[in-house]
Amino acid sequence: DAGVIQSPRHEVTEMGQEVTLRCKPISGHDYLFWYRQTMMRGLELLIYFNNNVPIDDSGMPEDRFSAKMPNASFSTLKIQPSEPRDSAVYFCASSLVVRAGANVLTFGAGSRLTVL
Amino acid sequence: SQQGEEDPQALSIQEGENATMNCSYKTSINNLQWYRQNSGRGLVHLILIRSNEREKHSGRLRVTLDTSKKSSSLLITASRAADTASYFCAYGGTGRRALTFGSGTRLQVQP
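Chains as they are written, first to last, in my numbering: chain A, 1 to 116; chain B, 1 to 111.
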């Protein structure tokens, strides 16, 4: 398996533009997570899905953020409109519940977003 | 915030020395994990310890867990330059599949 695949790796956009980040999880994994990483706030959970259903979106900062998982092999995180404070590295991770209920996450390489 | 705290924030050692990183958390957990992140990359899982375990070993890694103090430590023995990275603890609560990550420790191993 190629691992968790994210695209784009880098995105530079202007304030107000729509941004769509994409993720392909590992085949067979039934959990998918979106995290955001910044120097100031560290790694924050945005949302996670189980079997394509959103379970917890309490970390989604505002209505400008939305995430979908239309099927088991694809998820998107959309920001509309984008703002400079959204600049961060966005990680997608997937997992299979193993070992007495513990989730071990496999991360993608991340999408670095810069909003000017 | 439920985010865990790690200390030190940064650690610089010489090759061959041991590195110890500490993690404190605030909630009840059923497991605690450690991840490594190389610069510009995603996180990679290193080791998992369950809440009913006190110590776990994997190669040059040793993890301890003290649930009464809500703390864990990661020891890397005989460090190598290739161990240079950021290290994060992460934990899951009862009934919660998502992991909460600590603030991380940046380790620099000088050759």
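Since the hints were derived computationally from the structure, they do not count as laboratory data. Note that beta-carbon positions come from the ideal geometry of N, C-alpha and C, so glycine has one too. Take the hints with a grain of salt, since some may be wrong.
As the list claims (entries may be wrong) - DEER-style ranges, computed between Cβ atoms:
| hint | chain 1 | residue 1 | chain 2 | residue 2 | range |
| --- | --- | --- | --- | --- | --- |
| 1 | A | 74 | B | 38 | 36 to 42 angstroms |
| 2 | B | 67 | A | 81 | 28 to 34 angstroms |
| 3 | A | 96 | B | 55 | 22 to 28 angstroms |
| 4 | A | 17 | B | 111 | 27 to 33 angstroms |
| 5 | A | 8 | B | 39 | 16 to 22 angstroms |
Each hint tested on the structure:
no.: 1; hint: A/74 x B/38: 36 to 42 angstroms; result: violated, 27 angstroms
no.: 2; hint: B/67 x A/81: 28 to 34 angstroms; result: violated, 45 angstroms
no.: 3; hint: A/96 x B/55: 22 to 28 angstroms; result: holds, 26 angstroms
no.: 4; hint: A/17 x B/111: 27 to 33 angstroms; result: violated, 44 angstroms
no.: 5; hint: A/8 x B/39: 16 to 22 angstroms; result: holds, 19 angstroms
Taken one by one, the earlier hints fail for this structure at numbers 1, 2 and 4, listed in ascending order.
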